[in-house]
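*Asks:* The sequence shown: position 32 = 32 (UniProt numbering), numbered continuously.
Please keep in mind that the hints were generated in silico from the structure rather than gathered at the bench. A few of these clues could be false.
Unchecked claim - Cut-off 20 Å, straight-line C-alpha distance, at most; resulting in silico cross-link-like pairs (EDC-like, lysine to aspartate or glutamate): (1) Lys249 to Glu259; (2) Lys206 to Glu129; (3) Lys269 to Glu253; (4) Lys247 to Glu265; (5) Lys87 to Glu198; (6) Lys87 to Glu259.
A quick note: this is a predicted structure, and the numbers were derived from the prediction, not measured.
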Amino acid sequence: MSGATLAAGPRVAKEGKGRPGGAHENMAEFGGMGGVMGSFRVIELQLMAFIVVFSASGLVPLIDILFPVVISVYSVLLSKLVFPRYKNAELQVFKGNRAFQIYVVTGTVLGLFLPLSYVLGGFARNDQESVRAATPHLFLLSCQVLSENLVSMLEIFSLPVRALMPILYNTRRLFALVDWTQEMFITRHLSKDPTVNEEAWFWFGKFLAGANTIYYTINLFVFLIPMFLPRAFEKYFESRAIYMEEKAKRKAEAEAEAEKRKAEEIERKSKLPTPARPPGMEDYDVDSKKGQ
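Can you make the complete structure from the sequences, with help from the hints?
*Replies:* Spelled out as structure tokens, the structure:
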């Protein structure tokens, strides 16, 4: 959800790629990254269920419901028309070291699991204002998780498209997070004599709204834009240059081979003996010329 899934490359390497160790070596190379992000497969169906419920409940604005559809179509168009993926392209931007893994786990807990428990708790407490404020962020994040996992699993998009997807999602979610933060810090107020549970719930919502706003602001302006995006484009253009060079080399070799075969064919034909005329054809040729 922070773009780390796509930054670390495919979650599981395809076997038979020519590298010893296959998927197991790939998992070790990412520093456990594959196992962390792979756990999302267990809850993908639940996330889809939440997306459907949130969409049908009227808690998510129409613009946020349409946003994932527009982003998906836009990503496909970019992949087909502007940034096609080359077969030799590398899909990994960062290696999953320990600090990177902690960063991912922090975003997972802070951005997904805690807001999900907050929304479910809001339903249980019949706190419609809290649910309505937190749901747009959770809806967009659920869509982003599914999109990133799908892109990472299929490996059909080039690095620029894979970099732009979390940037676009993160940018849109910042607006939802700002609305949530405004609701919790400006609009909402405690009652005059709150119970301990009410006060804890109130500060829990404030903490989540503020912490997510800070985390994803840093994620966008410190990680995605200045680090992930430039490296993705750099690796993409390097891969494209290598691909074009190999393509031009193959084309030159094919043309040289065709010229060589053409020259050999001409030489072979020039060495063929002139066919001898059957006996008596000489007199026939003379008589034919006289008749003309």
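*Asks:* Looking back at the hints listed earlier, which ones does the structure fail to meet?
*Replies:* When the structure is compared with the hints, numbers 3, 4, 5, 6 turn out to be violated.
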